[in-house]
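Undergrad: Chains Y, C, L and X, in that order, give the protein sequences. The opening position of the first sequence corresponds to residue 422 in the numbering used here, with each subsequent residue numbered one higher. The opening position of the second sequence corresponds to residue 422 in the numbering used here, with each subsequent residue numbered one higher. The opening position of the third sequence corresponds to residue 422 in the numbering used here, with each subsequent residue numbered one higher. The opening position of the fourth sequence corresponds to residue 422 in the numbering used here, with each subsequent residue numbered one higher.
Because the hints were derived from the structure by calculation, they are not lab data. Incorrect hints may have been included.
Copies of the same chain look alike in the list, so a pair counts if it fits in one copy or across any two.
[As the list claims (entries may be wrong)] In silico BS3-like cross-links for lysine-lysine, where the CA-CA straight-line distance does not exceed 27 Å:
1. Lys-517 <-> Lys-430
2. Lys-498 <-> Lys-522
3. Lys-434 <-> Lys-498
4. Lys-524 <-> Lys-504
5. Lys-471 <-> Lys-482
6. Lys-434 <-> Lys-482
These numbers come from a predicted model, not from an experiment.
4 protein chains.
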Amino acid sequence: MSDISEITKALLKFRDERDWAQFHDSKNLATAISIEAAELNELFLWKDVKESEKVDIQKIKEELADVLAFSLLLANKHGFDVKTIILDKIEENRRKYPISKAKGVSKKYTDL
Amino acid sequence: MSDISEITKALLKFRDERDWAQFHDSKNLATAISIEAAELNELFLWKDVKESEKVDIQKIKEELADVLAFSLLLANKHGFDVKTIILDKIEENRRKYPISKAKGVSKKYTDL
Amino acid sequence: MSDISEITKALLKFRDERDWAQFHDSKNLATAISIEAAELNELFLWKDVKESEKVDIQKIKEELADVLAFSLLLANKHGFDVKTIILDKIEENRRKYPISKAKGVSKKYTDL
Amino acid sequence: MSDISEITKALLKFRDERDWAQFHDSKNLATAISIEAAELNELFLWKDVKESEKVDIQKIKEELADVLAFSLLLANKHGFDVKTIILDKIEENRRKYPISKAKGVSKKYTDL
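One chain only, chain Y, in its complex shape (with noise of 0.2 Å):
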């Protein structure tokens, strides 16, 4: 079983066992995981970068958890392949942003 299939069937479980499928419709799940970002960036919230890669590492470990468990739930929610649909919008991707204009450039793709 690869590592996403063996993750998103804990998290069923975990879900499942609390009988919480009921308040996993789409809008929310994607609620849940703007929330646990937030919860994410709030550990960085008002540090510059330096005092940021100093943050405590278990701490971004579970925010981030938070984050990826919400997303896979959602995933699986409407059967989506996760490694499929990256690999897709990688593709997509390179199209919005060629190495020619992009390499070493932050600037969102509707400025290049």
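Chain Y is already provided as a structure; the job is to place chains C, L and X on it using the hints.
TA: Same frame as chain Y, now just chains C, L and X:
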């Protein structure tokens, strides 16, 4: 190679072809995750639960892929094993959300 | 003194008593707004529209106050007149959302 | 009429001309605030503090105006007096962040 390793490898290649690692400090990666999470949420804005389940699947794939991509880049930056950090978080959540108290209930653990 | 000026004055006093202006660059203020917005969203997470309207009013007040506080600090930092920037945005939105096309419709202007 | 009342009146007029109140339940308004906050953050993404202070002022005005607009609509929905809720939050923050402990320090009150 595991799925996650394969995806991460592709993400790093895309990043390095464009010399973008210089922009990918933890704080900016966390912000990127948040921004993409908001774009995902925007697909469901103003819609009720029924309409939300009719959102264009392709768009959900694209926005969720972006959230996952930056999340995996942040995990890679800190050398996290994605499966481990999520399974560890599930274990921590078992303590916060015992089945006896949490089953069928959507409250935050602080309100259980 | 207008309400906004009075509020801003109190926010600046609180900030300066604690010598916090040093942390309030635009990027960090924007991140703070995002984090507080997520805390506001968390009050409604997993709830349907009916349950959402029964959320503790005091908590909505507190989280919304935080979003507004950091927003006003960012506006003050750039010398924005809050009334002007909002009225100007309303005018811009009139063009994006003409009544003839937008009435009773929740689509984003790019989909009208 | 206070500034806030004037702004709110204009926002309500714009909303009602388009028959949009039907979409503006608290949960969706909170999500809208979050989405606009992310668009504000996107202006500073990948930029360091120096570059962040050179971001196009007009764009900051527009995105901040959106955050404030939805925030004022949510406040209006619940009949909040904006000045009161912010001044009340400042008072609560005095207790969480006493000057003796918080001066010159960016830590969250739970870490003071």
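Undergrad: Hint by hint, which ones does the structure fall short of?
TA: none
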